[in-house]
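Asker: Here is how the chains run, residue by residue.
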Amino acid sequence: GAVVSQHPSRVICKSGTSVKIECRSLDFQATTMFWYRQFPKQSLMLMATSNEGSKATYEQGVEKDKFLINHASLTLSTLTVTSAHPEDSSFYICSASQGYGTEAFFGQGTRLTVV
Amino acid sequence: DAKTTQPNSMESNEEEPVHLPCNHSTISGTDYIHWYRQLPSQGPEYVIHGLTSNVNNRMASLAIAEDRKSSTLILHRATLRDAAVYYCILRAMNTGGFKTIFGAGTRLFVKA
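Same order as they appear, the protein sequences are chains A and B.
Using this note's numbering, the first residue of the first sequence is number 4, and each one after it goes up by one.
Using this note's numbering, the first residue of the second sequence is number 8, and each one after it goes up by one.
Chain B extracted, bound-state conformation (with noise of 0.2 Å):
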């Protein structure tokens, strides 16, 4: 299965952009790029996901290299409510169908 590999953690300030990053070069051509984002004892609630164009939707967007061996999801403008923990993953297809499979995460602290 193909791996992502992000930070353990991040810091950012109230109201400004949060770039983070998240490495996957052994990606093959049809793994799609998703990101989820986790609460303490909550389900993950998608953030955004995309193929090889950026992607941008309410909440954020998703910059995709042009090699596709990396990516980042930027937040426009941090809030204390967006404090969690952020996954990128890949979803790849398999034999008999498709996996979603989680890395470690990026926790994310946001500071007011």
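The shape of chain A in the complex, shown without the other chains (with noise of 0.2 Å):
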């Protein structure tokens, strides 16, 4: 199947700190791509929803100043999470598609640790 590659795996920075996740899909043109977060033992949430060349999509609650979501071009999306603090620490997920006919394919995740 199609690979998408999120980089890093794992972040630790300090309170304050920005810290920026990538989002690459390897083998395909994805025209949308999803971030997720997810805590221990918990679902998948639904962040924001981005389109290439487009601004994101923000999810109900999810502040949009503090989760930046650049979606330069069809193979990457970034998300950069500004001046974080420990309640940011969490298992963040990003997933790439080509279409709404079309299944989705999940980045390995990235686990923040904010200290």
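Just so you know, the hints here were simulated from the structure itself, not pulled from any lab data.
Do not take every clue at face value.
Claimed, not checked - Here are the simulated BS3-like pairs of lysine-lysine, each with C-alpha atoms no more than 25 Å apart in a straight line:
#, chain 1, residue 1, chain 2, residue 2
1, A, K67, B, K118
2, A, K69, B, K106
3, A, K23, A, K67
4, A, K67, B, K106
5, A, K17, A, K58
6, B, K118, B, K76
7, B, K76, B, K10
8, A, K44, B, K118
9, B, K118, B, K10
10, A, K23, B, K106
11, A, K17, A, K69
12, A, K23, A, K69
13, B, K106, A, K44
14, A, K67, A, K17
15, A, K58, A, K69
16, A, K58, B, K106
Fit chain to chain and form the complex, with the hints in mind.
Answerer: Shown next, in the form of structure tokens:
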């Protein structure tokens, strides 16, 4: 199946700093990418949907100024957690899809720890 | 957003078939039914998806009820590697695009 590469897999940062997470579709063009966060023993929570060249659409309750999403090309989307705080510590997962009727492929996830 | 309902957990014996049910009574005509599974500390893995007709692939089969208000993921012979959380999801078209929203999922335990 198609491959979505997410980097880094783990990151530890100090409170107040920013962290960028990259999501790349390696062998297909992703018109739409999704970003999720997941807390231990819980399901994935959709944070935002991004289409290439457009502004991301954020879910209710997700701060767009804190979680900056850039979908600059059909193969790359980035999520930047700005001014990170310990409560932002979580497992962040990206997903890419070629279109409405197609499957989604997921990255390996990024475990963010803010100290 | 249309929701799905799944049992919290199920148990199966190795080498036996597993039928994972999903109810989606509020599904609309254009919603796709997707199934993904997730192992601990990994991103979800695509399993199968369909719209109206039953679907088969190398991993599983998807049986969709005639009224589309429920579906069943069928693993033909469970192995220990199939132990995971299985998510049944409706992919729905919304203003400006489409979403894939996860429910709670079913944790599948496979006994040797």
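Asker: Do the alpha carbons of B/K106 and A/K44 lie within 25 Å of each other, as the hint requires?
Answerer: holds (22 Å)
Asker: Is A/K17 within 25 Å of A/K58, Cα to Cα?
Answerer: Answer violated: A/K17 to A/K58 is near 28 Å, above 25 Å.
Asker: For the pair supplied as a hint, B/K76 and B/K10, confirm whether the alpha-carbon distance does not exceed 25 Å.
Answerer: holds (11 Å)
Asker: Does B/K106 sit within 25 Å of A/K67, going by the straight-line distance between their CA atoms?
Answerer: holds (17 Å)
Asker: Assess, step by step, whether the Cα of A/K17 is no farther than 25 Å from the Cα of A/K69, and give holds or violated.
Answerer: holds (16 Å)
Asker: Taking only the CA atoms, is the gap from A/K58 to A/K69 under or equal to 25 Å?
Answerer: Holds - the C-alpha atoms of A/K69 and A/K58 are around 15 Å apart, at most 25 Å.
Asker: Need the status of pair B/K118, B/K10: alpha-carbon distance at most 25 Å?
Answerer: Violated, at roughly 30 Å.
Asker: Would the pair A/K58 and B/K106 pass a check requiring their Cα atoms to be no farther apart than 25 Å?
Answerer: holds (15 Å)
Asker: Given the proposed pairing of A/K23 with A/K69, does the C-alpha separation stay at or below 25 Å?
Answerer: Answer holds: A/K23 to A/K69 is near 12 Å, not above 25 Å.
Asker: Starting from A/K23, check that the Cα of B/K106 is at most 25 Å away, please.
Answerer: Holds. A/K23 to B/K106 sits at ~23 Å (cutoff 25 Å).
Asker: Does the alpha-carbon distance linking A/K44 and B/K118 stay inside the 25 Å limit?
Answerer: This hinted pair holds, its Cα atoms lying about 21 Å apart.
Asker: Under the criterion that the straight-line Cα-Cα distance not exceed 25 Å, is the pair B/K118, B/K76 satisfied?
Answerer: With a Cα-Cα distance of about 30 Å, the restraint between B/K118 and B/K76 is violated, given a limit of 25 Å.
Violated hints, in rising order: 1, 5, 6 and 9; the structure is consistent with all others.
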